[in-house]
Amino acid sequence: MIISAVLSVITNQFGGTGDSISQILSILFYVVFIVFLFYGQRIQMYVMIREVEGSLYKLKYIKEEGRKIAIETIKEIGKPKTDPSARVDRYLEYFTIQPQSMDPAGIVYKLDHILDVRDTRLKDEVKIMAPASDEVQVNNLENTLEAAMALNFIYKVVRHFYIQGKKTLSLYIIMQLQMILPLVMKEAKAYASALKAFAYGQPIGDGVGALVAAKLLLGYETRKVPKDCVVGTVSLEGRTAFIIKAEGPGGNVGKPGDAVKAVVEENEGKIASVIMIDAGLKLEGEIVGEVAEGIGAAIGGPGVDQYKIEEALLEYHIPIYAVIVKEDIGDAVSPMRKEISDSADKAIERVRNVILERTKEGDKVIIAGVGNSIGIGQ
Amino acid sequence: MSENSSAATTRISTYLTIIVLIVLGLSVVALILSVNAFIVGNEVVAGYLLIIGFIAMGLSVYVLFQSRKRAASMKIEAPKVMSTVECKKCGFKSLREFQRGDYIFKELDACQKCEDKMMITAIYKEVKEKEKTFAF
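Chains as they are written, first to last, in our numbering: chain F, 1 to 378; chain W, 1 to 136.
If you're looking for bench data, these hints aren't it; they were derived computationally from the structure.
Even glycine gets a Cβ: it sits at the ideal position worked out from N, Cα and C.
Check each hint, because a few of them may be wrong.
Chain W regions said to be covered by chain F (calculated; three or more residues, Cβ under 8 Å) [stated by the list, open to error]:
#1 77-87
#2 99-106
#3 117-128
Between the sequences and the hints, there should be enough to build the whole structure, so can you do that?
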């Protein structure tokens with residue numbers, strides 16, 4: 001009764017009349033109005049912080065799982081004599097410094113050198129951590145650790161902006177982070193899925209280019225070409241096709257730039273055309289495994305291999321065509337989907353069409369299947 | 001530093017807790033008023049207050065515990081990956097679960113039918129996802 005009397009007095013002050021429900025509601029309305037008037041932005045920020053916090057929990061869990069999977073795989077495959085945990089933790093913190101670009105002339109080869117050093121260093125680390133592993137397993141373990149490294153980095157960057165946002169109470173830092181979070185989480189989940197694929201040596205979606213090349217190479221002799229790639233000479237529609245792919249079945253993307261350049265030079269530039277097959281990022285709404293055709297060097301990564309291929313082809317004026325299999329980032333780094341595996345045959349058909357339409361009988365062509373060769377032999 | 005920051009991620013913000021507690025308090029007030037209205041004989045008002053009180057209480061408790069439950073419900077799912085084993089000579093085909101060491105074009109034991117060597121011709125996962133339909 002006392003509460004009702006108090007409510008009645010307060011609501012009468014604000015011009016409210018009627019029963020106790022109306023009185024409570026009108027007071028609530030005023031309170032909410034005043035609170036939102038002064039603290040609306042802050043409330044919005046705290047809601048966003050909470051959302052980021054939730055995602056950070058997930059990222060932390062995924063990162064820890066990644067580390068655990070990497071350590072367990074190293075112990076299982078590499079049979080180390082000591083606990084590799086400390087070395088894995090050190091590996092996860094490795095960084096690469098990009099070459100200085102103030103004078104951009106020659107930067108591609110500087111970057112190439114740094115990437116080579118990085119690759120050798122990381123492989124050596126894996127060999128120390130997992131002494132009982134063979135070359136294929138070393139490559140798979142390196143890929144597993146790289147996925148764990150990516151997860152560790154994503155977690156640390158999100159945590160950095162989250163803490164910075166909380167410290168400065170800046171709506172704009174938190175807002176930017178909250179806006180890109182769905183994409184960041186998608187990428188993190190993709191890497192989490194990749195971890196197990198790499199640990200088990202399963203083919204991933206990115207390897208569809210290598211799969212196409214492997215299908216074309218089936219039954220033919222191959223030889224090694226620089227770097228970490230293989231090439232085989234295949235007769236295709238009356239043309240001589242040099243099929244290039246990264247050496248499998250270990251996790252390896254090779255250096256198709258060097259391989260294409262080497263084959264072009266071996267043939268003194270007498271190549272009618274180069275056809276590259278790779279996984280291409282699909283837009284939302286497009287179908288997974290859809291095959292598309294275009295012009296240019298179909299190859300991702302830091303750009304070193306694309307540069308080398310373009311440079312070699314420009315010297316001899318060799319036309320270059322691209323066939324891509326569409327997939328999203330999640331499909332690219334997780335075990336290969338059936339739709340993508342099935343599309344390899346469609347991609348081969350497209351390659352045959354390009355050869356028939358764009359070259360003459362007796363010509364020499366290069367077909368480069370780009371992508372990670374994990375779980376794909378030759 | 002890292003310990004402090006990870007501790008920061010494991011607790012709910014104070015501001016949010018205060019808001020939740022205010023709503024919780026209001027819901028208790030609504031429930032008391034509802035009992036009061038019921039004693040007075042105003043059953044309709046008592047019913048409304050009861051509903052408001054319970055909804056507010058339920059929501060605040062849900063929000064309070066939601067973020068703690070999130071972490072527990074996470075796990076990395078390993079999809080089921082299949083290997084297609086095929087005999088190139090007689091065309092005999094079989095599907096089995098992926099085993100560590102499998103790779104595409106790996107030669108396996110002799111075929112059950114023609115005794116030629118079998119080969120893994122495909123390794124893939126099947127995704128059964130509910131595609132959301134859009135107008136375009």
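Hint check results:
1. 77-87: Result for this restraint: holds, n = 4.
2. 99-106: holds (count 7)
3. 117-128: With 6 residues in contact (Cβ-Cβ under 8 Å with chain F), the coverage given for the region 117-128 of chain W holds.
Violation of the numbered hints given earlier is absent; every hint is satisfied by the structure.
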